[in-house]
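Q: Sequence:
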Amino acid sequence: MNILYPLSNLFSGIARKSGNERARPSSIFEYLWLKVVFFMGASLLLAGFTQSDHAPSPSFFFFNGINAGPDVAVCAGDSVQLVVTGGTNYTWSPATGLSCTDCPTPKAAPDTTTLYIVQSEDSTGNICSDSVLVTVSQPPQVDSVSTTNLSGCDALDGSIVIHASGGTGSWEFSIDNGFSWQSDSLFSGLPSGIYQVVIRNNNGSCEVSGGEITLSAPAAPTITDIITNNPTQCDLPNGTIVIVAGGGSGVFEFSVDNGNNWQTLNSFQFLSSGFYQILVRNADGTCTVSGGTVNLTAAPDEPGIGQIATFNPTDCGATDGTITVVLTNDSGTFEYSADGGATWQASNIFDTLAAGSYEIRVRKSDQTCEVTGGTVVLNAPALPVIDNVAGISPSTCLTEDGSIIIEASGGNGFLEYSIDGGTTWSVSNTFGGLAAGTYNIAVRDAGTNCITTGLPVFLIQPGDDPVIDFVQPFNPSDCVSADGSIMISATACPGMTLEYSIDGGMTWALSSTFSGLSGGNYPLAVRNEGSASVVLGDTVILSAPLAPVINDLQITAPACSGGGGEILVIATGNNGDLDYSINGGTDWQADSLFTGLSAGTYDIIVRFPNSPCVSSVLTFALNPSDGPSLNGFTVFPDCGGGSGSITLFATGAGDLEFSIDGGATWQADSLFAGLSAGTYTPAVRELTSGCMALGAPIEVLAGGGPVISGVAFNDPSDCGLSDGNITITATGTGALEYSIDGGTTWSSSNVFADLPAGSYAIFVRNEDGSCPVEYAINPVILDDLANAPSILNISSSIPSQCGANDGFIVISATGNGTIEYSINGGLTYQSSPTFTGLGPGTYEIAVRFTGSNCVNTNTATLGGQVVCVDTVLVSIPFETTTVYCLDASVFQVGTGITSASFCGLGNPNT
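Numbering (my numbering), first residue to last: 1 to 910.
Where hints are given, some of them may not hold.
As the list claims (entries may be wrong) - Each pair of labels, with its calculated beta carbon distance range:
{"#": "1", "residue 1": "Asp503", "residue 2": "Pro697", "range": "31 to 39 Å"}
{"#": "2", "residue 1": "Asp111", "residue 2": "Ser831", "range": "27 to 35 Å"}
{"#": "3", "residue 1": "Thr324", "residue 2": "Pro523", "range": "51 to 59 Å"}
{"#": "4", "residue 1": "Leu455", "residue 2": "Ala696", "range": "54 to 62 Å"}
{"#": "5", "residue 1": "Ser629", "residue 2": "Cys100", "range": "35 to 43 Å"}
{"#": "6", "residue 1": "Ser515", "residue 2": "Thr222", "range": "25 to 33 Å"}
{"#": "7", "residue 1": "Pro697", "residue 2": "Gln554", "range": "33 to 41 Å"}
{"#": "8", "residue 1": "Gly585", "residue 2": "Asn177", "range": "39 to 47 Å"}
{"#": "9", "residue 1": "Ala590", "residue 2": "Leu383", "range": "43 to 51 Å"}
{"#": "10", "residue 1": "Gly211", "residue 2": "Asp483", "range": "37 to 45 Å"}
Claimed, not checked - Mimicking EDC-like on lysine to aspartate or glutamate, the simulated pairs with C-alpha atoms at most 20 Å apart in a straight line are:
{"#": "11", "residue 1": "Lys364", "residue 2": "Glu400"}
{"#": "12", "residue 1": "Lys107", "residue 2": "Glu657"}
{"#": "13", "residue 1": "Lys364", "residue 2": "Glu335"}
These are calculated hints, taken from the structure and not from any lab test.
Note that CB positions come from ideal geometry on N, CA and C, so glycine has one too.
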C-alpha cells in the first residue's frame with residue numbers, strides 16, 4: 001500500500017538551490033513516499049508497511065531552483081527590467097510597481113526600495129522561489145560647475161570642479177558624457193575643448209546632466225610686418241624698429257632683446273646698429289612668438305665683417321690655430337678682438353691659438369662703431385680611442401705575472417700607453433710582470449698632451465671576488481623581436497670559473513653573453529662558480545622601439561540600407577609613416593581613411609610599413625545611422641558548467657531581436673544565460689526594418705569561484721549574549737565577499753563578531769558579486785548552552801490503553817545548581833523531574849537552573865494502544881470483499897462500508 005505522508009513537521013524549511021541562488025526556507029511542503037508499519041503501543045516508524053501490492057522505493061524530491069538575478073538600483077520614477085531564469089509559471093509579489101506579475105521579465109518601478117519575490121515551478125514540478133532587491137535612489141543635482149581656463153597656448157592645466165548635492169549616498173562624476181567616471185569632483189590637467197558634465201549616485205543610478213562646459217586657451221598673436229630704419233651713422237643711436245602684429249588677445253607686449261625686456265608700444269627708437277631678436281606676446285604674458293633677427297647697420301661708416309677664416313690647431317695640445325677677419329669695406333683703419341673686446345689689435349690675423357671658442361669683434365681705430373662677428377670654434381684633432389683592455393691577474397697570490405694589453409686607435413697614429421694614469425708612458429701596449437692591484441689606463445698621441453683615460457683594470461688574487469670590467473648591451477631591433485643581447489666582461493682570479501646573471505642572481509649561466517632578449521631591465525651579477533659571494537653590477541636597460549598606437553577614430557555612420565560609412569584612423573608612431581588595416585591585418589593601405597563601408601565589425605590595426613611592429617587590435621562596430629543602437633551590457637562569468645550570462649541593452653524602432661554570435665542566430669530576450677567562458681559578438685536588429693547594429697566583442701570570463709577551506713566559530717559565552725563569532729577561511733582569484741545569512745547581505749571582512757546564538761548559512765563569492773559558493777556543512781549553529789543543565793536520560797511509560805492518561809516521564813539531568821523541569825517547552829517549570837498522569841502525545845522537554853534563561857531541550861513521545869497518523873492517503877481503492885489487517889487488528893469492509901475509525905496521535909480520524 002502506497003502512503004503519501006506530509007512531513008512538514010519533520011522537514012519544513014528544507015530546500016536546495018543550484019548555481020548562484022540563495023537557499024531560503026520554503027513554505028511549500030516536500031513529500032516523501034514512505035513505507036510504514038503500525039505497531040501496537042509504539043511510535044510511528046519509517047519501516048516496511050506490507051500489503052499485496054508493491055510499494056515504490058522511497059524517493060526524495062529537491063528543487064532545481066530559479067534565479068531572479070542580481071539586486072539592482074533604479075532612480076526614483078524610472079523602471080528597471082527584472083529577469084528570472086529557470087522554472088515556469090511565475091508569480092511575482094508584491095505587485096506594487098510591476099508591469100506584470102506572471103511574466104519572466106517584468107519592469108519594476110517601485111516608489112521605495114522593494115524586495116520582490118518570485119515563485120515558480122522547476123523542471124521537476126516542484127514550487128521554489130527567489131528574490132531580487134530593487135533599491136530606489138533619489139537623483140542628485142548639479143549645483144554649479146567651476147572652471148579654470150588654460151594658462152597658455154600649449155598648456156595642459158585647465159580644470160573643472162563639479163559642485164553637487166542631493167541624491168542617495170555619494171556621487172560619481174564624468175566630463176565625457178558618462179563614458180568614464182570618477183569619485184573625485186575635480187578634473188585637472190585638461191586641454192582646451194568642450195566637456196559634457198554628468199553626475200550619478202555611486203551605485204550607478206540616476207544620471208543627471210550638468211550641461212556643456214568649454215575650456216579655452218589663449219590665442220597666439222601673429223607678426224604681420226617688421227619695419228626698420230638703420231642708424232644714419234655708426235654710434236649714433238637713431239635707428240628704429242616697428243613691429244606690426246594682430247590676432248591673439250588683441251593687446252600685446254613687444255621685445256627686441258629676445259624677451260629680456262618688454263613694452264606695450266610696438267615702436268622701438270634710439271637704437272644703435274646691431275642684431276635685434278624680435279618677440280611678441282599677449283599682454284597677459286602668454287603665447288610668445290618670434291619675429292626672427294633684425295640687423296640694423298650704419299654702413300658705410302661702421303666695419304662690415306664679410307668673412308672669418310679659421311685654421312684649427314694641428315694637434316691636441318698645439319697652439320698653432322689661426323683666425324683671419326676679412327672686412328667688406330676698408331674706409332678708415334680698424335682694430336680687431338677675438339676675446340669679446342677684452343683686448344684689441346690692429347692686425348686682422350690671430351695666430352698661435354689653441355683649440356677653443358673665440359668671440360670676434362671689430363671697431364674703428366678711434367674705438368667707435370664696434371660690431372660683432374659672432375663666436376668661432378677652433379677644434380683640435382680627435383683624441384685616441386681605447387678600443388679594449390684585457391687584463392690577466394697573477395696566477396697565484398704570491399707571484400707577479402699578471403699582464404695588461406691595451407688596444408687603441410685614432411689620434412695621430414703614433415700612440416703611447418700608460419697603466420699608472422699617465423705618470424709613465426710606453427710605446428708598447430703590453431705590460432707584463434704585474435702584481436694584483438688597480439691599474440689606471442691612459443693612451444696619448446706620442447709626445448703630445450692628447451690623452452684619453454680608460455676605466456681602471458683590477459688584477460685580483462685567487463680567492464677574491466670577480467670584478468665586472470665593462471658591459472656591452474645591444475637593444476632589440478624592433479618592438480616585437482627578442483634579438484637584444486648583453487655581453488658582460490668580468491675579471492676573476494686565475495683558475496676560477498665565472499658564472500653570470502642578468503636577473504640579479506636568480507639564475508646563473510657560464511656564458512658571459514646573453515642573447516634573444518626583449519626590451520626591459522636586467523640587473524647584472526657575477527660570481528665564482530658555485531660561490532655564495534655575489535658581485536652585483538648595474539642594471540642594464542634594453543630599449544625596444546615602441547609599437548604604434550591608435551589614438552582615435554573619426555566615424556561616418558553608413559545608412560541602414562547600404563554603404564557610405566567611413567573610418568578615419570588617427571594613430572601615432574614612426575613619425576606618422578604608417579600602414580593601416582580594418583580587417584585585422586589581412587589587407588593594408590597607406591591612407592588612414594577607409595570609405596564606402598557598410599555596417600559591421602572592423603578589426604582596426606596599424607603598423608610600421610613592412611614591419612612586424614603593429615599596434616594592438618581595436619575592434620569597432622560600425623553601426624548604421626538610422627538603425628538600432630546597442631547602449632550597453634552586463635556580463636557575469638562562467639563559474640563552472642556554463643553558468644555565465646550576458647544582458648544586452650539597446651534602443652530602436654519597434655520590436656527588437658538580440659544576438660551574441662554576430663547575427664547568426666537571434667532571440668527576442670535580451671538575456672543570454674547558460675554561457676560558457678569565451679568571446680561573444682553582440683548584435684541587435686529591428687524586426688520591422690531589418691536594420692542591425694553590432695557591438696564590440698564581449699568576453700565571458702571563467703569565474704574561478706572561491707573555495708571555502710574552513711569555518712571557525714565560537715559560541716556566545718552565556719545565554720542571551722551576543723558575543724559569538726564566525727571566521728570564514730576561503731581562497732579565490734581576487735578579493736572576496738562573505739555572508740552568514742544565506743547571501744542576503746555581504747561583507748568584505750571574513751570575520752563576523754557580536755553574534756547571538758542561532759543558525760547561520762555561510763556563503764562566499766567574488767567581489768564583483770559572481771560565483772557565490774555555499775559552505776558544504778551549512779548551517780553553522782552557535783549554541784548558548786554554556787550554563788544550561790545537561791539532560792542525561794529521559795524515562796517514560798506509555799498509557800495503558802488508548803485514551804488513558806496514566807503515562808509518566810522521568811527526566812534525569814545534571815549541572816552545578818538547582819534544576820527545574822518542564823514538559824511543555826518551558827511554559828511552566830517544576831522542581832520534580834517526574835511527570836505523571838500523562839496521555840499519548842509528544843512532550844517538549846526543557847531543563848534550566850532556577851532563575852536562569854539558559855535552557856536545554858529534548859522531546860519525548862508517549863504512544864497509545866493504537867497509533868495512527870494525521871493523514872493517511874491510500875493509493876489504491878478498498879475492495880468490498882478484502883480483509884485488511886493492521887498487526888492482528890481486523891476489520892471487514894463490506895457492502896456500503898467505505899471507511900473505518902482509528903485512534904491515533906492527536907485527534908481521532910475517520
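Q: Can you name, in rising order, the numbers of the hints this structure does not satisfy?
A: 2, 5, 6, 7, 8, 10, 11
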